[in-house]
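Since the structure of chain B is already known, use the hints to place chain V on it.
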Amino acid sequence: MGMDTRPANPGATKGDVTRPRTGQVLAGSGLVRALSPSRPVAIVLALLSLAVLIALPWLLTGFWTRVLTSVFMFAALAQSLNIIAGFVGRADFGNIVYFGLGAYTTGFFVLAAVPFPLGIAAAALLAALIATLIGLPVLRLKGHYFAIATIGIMEGTRQLVNNADFLGGGSGMVLPILGLEPAVFNRIVYFAMFGLMVGYTAIVYRMARGSFGYELRAIKADEQAAAVMGINTTRAKTTAWAMSAGGSAIVGGVYALWFGFISPESVFNIVMGTEYFIMMLVGGAGTVMGPIVGAVIIELLTVTVWANFVHGHLAILGLAIVLVVVFIPNGVVPTVRRWVLRR
Amino acid sequence: MDPQVLINGLLLGAIYASVGVGFSLTWGVLNIINIAHGAMVMLGAYVTFYLFTALGIDPFLTIPVSMVVLFVLGYLLQRFIINRVIPYGVFMTLVLTFGLSLFFIDVALIAFSGDYRSVTPGYAGAGLVFAGVVISYQRLAIFVVSLLLVLALHAYLTRSKLGRAIRATALNRASAQLLGVNVTSIYAITFGIGAAMAGAAGSLLSMTITITPFLGNAFIGKAFVVATLGGLGTIQGALVGGLILGLAESFGASLIGPSYQHAIGFGILVLVLILRPEGIMGKQFYAEVK
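Heads up: the protein sequence lines correspond to chains B and V, in order.
Mapping of the first sequence onto the numbering used here: position 44 corresponds to residue 44, and the numbering continues sequentially without gaps.
Mapping of the second sequence onto the numbering used here: position 244 corresponds to residue 244, and the numbering continues sequentially without gaps.
So that you can see chain B by itself, here it is in the shape it has in the complex (with noise of 0.2 Å):
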């Protein structure tokens, strides 16, 4: 049977969400290196579709626009999780606790009469010294501990902002018009998220190639190992875990500002949360493109199934998770890269 030529060793496996593949996340860069011959090409190519990119929103209609607005938010918010998850192997499934944080605390600071910039560098800062706090003893916890503490955190915390009255409790916040025409607000947060995306994939970037990625993996691999190497595990985690949640709560910021409305049903959302879950496994957990290449996929294919199909697109959708899961459990981006290698 099938089974019974795999690892005998269910135990290894557990709590790893990227086993099967750390030998290629140590091996290599992104995508792009792995497929272009040559590197000049491959800056060209990178230049090229910037351009592209940067022009679209005077191509596409509003509607296209918008889409591809939450293909980059939910990229940068797949690679802010990819920096905890992919990168440390937390499996943190309430990472949306931060974007909810950084929604409200924008918000917040917005309805003050502060401005924009300040109220969404004071979401980053509160939501990294929130994850250093609650790190210090939850990240002790690995596997799916960690993964269900930090499920806890997020339902707790949205519970507490729902009875929360200075934030506008149940019944949610409304921020201020910004008073410009749509087309041109549409365009201010397409840019907004797109610098948010290629920004954190830059620095994941750095990050995988420079030593603190080298301590972040050591210590997925074993940690008490790399704790015997001399790496502080406890900085190098605490780091990455406010980082992750820097970086999840400035996108929460301009979400905040995008839709002019927010609620805890609609910010601290366990469902949203699990889908960029997905999209950094789907595309490669622990990769530097994978969290990009993930966040195309899905939000296309939901964007596609619920454009054609009135009735059932959650059971389409459900269908091709399951078959993506079934015929690509690697993830897309160690996938093909496993391919390009084998020629």
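Just so you know, the hints here were simulated from the structure itself, not pulled from any lab data.
From the three backbone atoms N, C-alpha and C, an ideal C-beta is built for every residue, glycine too.
Treat the hints loosely; a few may be bogus.
Just a few of them, taken from the derived set where beta-carbon distance is under 7 Å, the chain B residues facing chain V [to be verified]:
(1) P137
(2) L141
(3) G152
(4) G156
(5) F166
(6) G230
(7) T233
(8) L281
(9) G312
(10) G318
Same frame as chain B, but now just chain V:
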């Protein structure tokens, strides 16, 4: 201390235990976090609803039917789909069951419609009053049946040959296989049992809450708390976890206010995880993290 709050907490806790026990079993033994568990509870509730309204069968008597239906569904799912993804780790199977959950809920929405349904046998309103405490007969029966189901599962896992094979597989798959346990078959059967427990819980729940295709969503969070509070993969752990959650929610709602009901459960969960990650009744070697 208000005895009514205590009784309500216990009655609620037994239902939580019956929802959580199957979830805990598949998680502890197979290392599968079955997000579709809530959807399976929902399917069990619909089995009871249709047998009750179409054939007039007493809801308690429909429990074996929904257990068999869900066992078959769970067995086939594990054998032919989930089994392929197990080597890729616990979070890949989680994503897979999330997809299955979306699929089941939406198919149920198409097949059964989104109308609110309820199962109300003739004796639904009756109850007994004892020392100022009101207990509905139906709630009491649900409590007793939940406990019996959980205890029967415990007896099955500890006494029967198959149950011992399941526990041996949970402790060490490789050794179990060396000693002649057919692990592939054990995995499918265990997942089937977890699904059957979800079906039974759905049948019981159908009498107390409104039936919609989405009813399971509210219970996935509870199942998480119940399974980890008590100790993953252990039956007594799920029972203790369920009762603690029921009591905590009941007392929390009466002392602090109903709007904090869910926060209390999750607050306890995070504390228990930090102080005793293996759960209150957790045992060594069960659902270990390497």
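Right, here's what the structure says about each hint:
Contact between P137 of chain B and chain V, as hinted, is supported at the beta carbon level, the nearest pair being about 5 Å apart and thus within 7 Å. Interface restraint check: L141 of chain B against chain V, minimum CB-CB distance 6 Å, threshold 7 Å, status holds. A hinted interface residue such as G152 of chain B counts as satisfied when its beta carbon comes closer than 7 Å to some beta carbon of chain V; here the least separation is about 4 Å, so the hint holds. For G156 of chain B, the suggested interface contact is upheld, since its CB lies about 4 Å from the closest CB of chain V, less than 7 Å.
Annotation: interface hint on F166 of chain B violated; nearest CB of chain V at approximately 15 Å, more than 7 Å. For G230 of chain B, the suggested interface contact is broken, since its CB lies about 23 Å from the closest CB of chain V, more than 7 Å. Taking 7 Å as the C-beta cut-off, the interface hint given for T233 of chain B is violated, the closest approach to chain V being about 16 Å. Because the closest C-beta pair between L281 of chain B and chain V is about 6 Å apart, less than 7 Å, the hint holds.
The interface hint given for G312 of chain B is met, as the beta carbon of that residue sits about 6 Å from the closest beta carbon of chain V, less than 7 Å. At about 3 Å, the closest approach between the beta carbon of G318 of chain B and any beta carbon in chain V falls short of 7 Å, and the interface hint on this residue holds.
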